[in-house]
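Position one of the sequence shown corresponds to residue 719 (the numbering used here), numbered consecutively onward.
Incorrect hints may have been included.
[What the hints assert, rightly or not] Mimicking BS3-like on lysine-lysine, the simulated pairs with C-alpha atoms at most 30 Å apart in a straight line are:
1. 945 - 1493
2. 1478 - 1052
3. 1365 - 983
4. 1208 - 1184
5. 1052 - 945
6. 1493 - 1052
[As the list claims (entries may be wrong)] Beta-carbon label-pair distances, calculated as ranges:
7. 1095 - 1479: 42 to 48 Å
8. 1219 - 1365: 42 to 48 Å
9. 951 - 845: 42 to 48 Å
10. 1089 - 1203: 30 to 36 Å
11. 781 - 830: 47 to 53 Å
12. 830 - 1193: 36 to 42 Å
13. 835 - 1461: 19 to 25 Å
14. 1326 - 981: 30 to 36 Å
15. 1219 - 1175: 37 to 43 Å
16. 1494 - 1193: 51 to 57 Å
17. 842 - 1175: 39 to 45 Å
18. 1427 - 1391: 25 to 31 Å
19. 1378 - 791: 51 to 57 Å
20. 1042 - 783: 56 to 62 Å
No lab work stands behind these hints: they were computed from the structure.
We put the CB at the ideal spot given by N, CA and C, even for glycine.
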Amino acid sequence: MEKQASDEGPAPVAADRARDEKIDPIEPATIEHFDEADEPKLSKPATAFDVLTHTIHLQDDPTLSAITFRSIIIGLGLSVFGGVLSGIFFFKPQFVAIPAVFIAVVAFLLGESMARLIPRSSHPLLRFLNPGPFNIKEHLAITIMANAASTSALGLEIIASERLYYGRRVSAGLSFFMLLSSQCLGYGMAGMMRRTIVYPAAMLWPSNLPINTMLERLHSRAPSNRKPFRVFLYVFIGIFFWEMIPQWICPLLTGISIFCLANRKSPTFTNIFGGASGNEGLGLFSICLDWQYISGGLSPLFFPVSSLISQGIGIVGCIILFAGVYYSNIWEAKKYPFLSQAIFSETSMADSAVQWNQTAAIGPDGNINSTAVDDLGLPNFAASNVLNILLTNMCIAASVTHLALWYRTEMAAAFRFLHPRRILANVQSAGARIGISSRPAGAGEEAESASEAHYDPHYLLMQNYKDCPDWWYAIVLALSATVALIVVYKTNSTLPWWGLLVACLVGYVHLVVFGSMQGISGVSFTIQSIIQMIGGYMRPGFPIANMYFSLYSYNSLLQGTLLAKDLKLAQYGHLAPRITFSMQMVGTVIGAGLNYVMANSIIDNQADILRSVEGTNIWSGAMTQQFNAQAVTFGGFPHELFSVGGKYQWVPLSTFLGFAVPVPFWYAHRLWPRLGMDLINTPVILFYLCYLNLGINSSVMSFFAAGFFAQWYLRRQHPNIFVKYNYLVSAALDGGTSVMVFILSFAVLGAAKAAVAFPKYWGNPANGHIDYCYKAPSE
């Protein structure tokens, strides 16, 4: 009798499928037996396939148990920890993600401690508490659960906006279900399209490589892994103690600007060369020694060279474009700050920007008061914010063309379920299961050989485990949509039921495109502006409705990409899909609740700073300001501001130009394949053309210096060192930094109480910007 696959047990599927497809089967092997002597040496630069098969080895031990007392207890504890920390990071001046490597480091220390300290015995209770050595499957399950809890839910934008700008406070219960439903909605969508954005080899998801590499090294018993582990430990400890200096003792190290030190009285120098504080400047030639801002949870060491090149082109263009538009006074740029996410009044002057009085313009019901707007005038953006929205729209359109030209096979899989033959086959298969049809159950499942030819080599090993049925994700999707419908009515969001349906459809389509783009390039695209623009034209005059439309569209897109990334993490680590699903769901519930608790605490203690245009180098409301500003403008005045004839008419019109941008590069590659045009990712370039729109920008030059050293020099000149140490060092840097930032946030930086300032001296200036760039008295 054929043995059935289980969640944790093997089944003879991979070998049979490999034989049928004439691929050598991969035999399961425990990682403990892998030694350096077995590693093939690379004599050429490491390709993507080299990375997949050398840094993450093609071996698995399906007998290891992932669900144990240890994994449940540590997973729950770190989920609480991650939920709190992500709530803090949401209000940082630059977006900072909690890296999975940080979670994995803490999980390893706790898991090893429990394995060593709890006595081992044949007694059932002790065997339950300590089933043996802490194994890699437990470790991966913990990481995935805590990682799901460690994502800042974008529903916090609504909570913060309503409290800071509308004087509204939604009940704790509704807030929790709002956060949870928006996150799980994206999970359901991503699960349904995992064959497109997870399984293919082209969907590399580069940010997973450091964590998977680190897990293998930490759990390998081979003598050759002692040196890599020592390297990891030294780097982790070193960056842990170092981060106290730029974060608290010497903030000057966040951005050392030689130009500002030479000229401390020039606003132009501040705009171009400053960047150590939020919204200060573009950070050109600044040197940043704070890894929290260099990495931001997205380490430069794991981005592919093609992505770094495209990012670099975009950053150079961004500096030229922002400066050119501002000093040419396009869109009356000089009346408003050089960088800002707020909205301003038409009465602003070059030396005195006045924020638009949205409290007077928006009534208590959340609708625009036309009479008040006639007196106030229309709201206005800073020129940098206009460019941000305009170029984001072009990026979205370019992504569609880019994927259609370069990844047609992978994209076809996303909509294969709509093919009439597949629909009919599924109906016949379902009928067979309930006895209506004589057709054997499963006979209607369409062969996926065309797409499986593009799946990565780790996918074969995953055939040893039962996959999650599509209906699991379908139930998550349906329940989330039902809860979302209740939320939008109970919160008086002014978003009708059909608006919620459109939001879900928009989120699904964008997830196909940008989930794929992130999987390929490693770049996490921020496309909230076009989502809010669609919602504004659909429901004009209702800013709060626009917020909820964005929540259930863009937040679902974001959460979907995060689920896909973790599914790829599990695929690289060969963790059973059903265990992955369970861990993600539990972590999401915990994270949503703690995100809400931390957001309320920080808003209570830092409300004035969160409302200010610039904030500080520790706290900022920039993300909330941008979200609110776009909800007011797109949701309140889409036709007046953005239609043809409006002040910002090119914001939506630029979308049509974006469709054409990738075509010349693709065509040039067809004509001259050796020219390297396939390394140019035009959506990434367009995204980075507006990347410096907010946050601490002094880190940009250090980011590219680290990235090109690792991916250009080390990967080409020393490929063996690259595959052995690059992702391990990346993990150590992110992990050590995150631990210290967590400690400092609660101890001295004011996450839950008043901040404790370090004494003022030259490295921690008492007044002005911390990089000594000029600061106007009105700022």
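Status of the hints after comparison with the structure:
1. 945 - 1493: Violated - the C-alpha atoms of residue 1493 and residue 945 are around 48 Å apart, more than 30 Å.
2. 1478 - 1052: 33 Å, violated
3. 1365 - 983: Given that 30 Å is the threshold and the Cα spacing comes to 33 Å, the pair is violated.
4. 1208 - 1184: 40 Å, violated
5. 1052 - 945: Violated, at roughly 56 Å.
6. 1493 - 1052: Holds: residue 1493 and residue 1052 sit about 16 Å apart, inside 30 Å.
7. 1095 - 1479: 42 to 48 Å: Once the Cβ atoms are compared, 46 Å apart, the range 42 to 48 Å for residue 1479 and residue 1095 holds.
8. 1219 - 1365: 42 to 48 Å: 32 Å, violated
9. 951 - 845: 42 to 48 Å: 31 Å, violated
10. 1089 - 1203: 30 to 36 Å: Distance hint for residue 1089, residue 1203 holds at roughly 33 Å.
11. 781 - 830: 47 to 53 Å: Given a distance of about 20 Å, which is not inside 47 to 53 Å, the answer is violated.
12. 830 - 1193: 36 to 42 Å: The hint (36 to 42 Å, Cβ to Cβ) holds, given that residue 830 and residue 1193 are roughly 37 Å apart.
13. 835 - 1461: 19 to 25 Å: Cβ of residue 835 to Cβ of residue 1461: about 23 Å, so the range 19 to 25 Å holds.
14. 1326 - 981: 30 to 36 Å: Given range 30 to 36 Å: holds, Cβ gap about 31 Å.
15. 1219 - 1175: 37 to 43 Å: The hinted range 37 to 43 Å holds for residue 1219 and residue 1175, with Cβ atoms some 40 Å apart.
16. 1494 - 1193: 51 to 57 Å: 56 Å, holds
17. 842 - 1175: 39 to 45 Å: 40 Å, holds
18. 1427 - 1391: 25 to 31 Å: Distance hint for residue 1427, residue 1391 holds at roughly 28 Å.
19. 1378 - 791: 51 to 57 Å: 55 Å, holds
20. 1042 - 783: 56 to 62 Å: 60 Å, holds
Of the numbered hints listed earlier, those contradicted by the structure are 1, 2, 3, 4, 5, 8, 9, 11.
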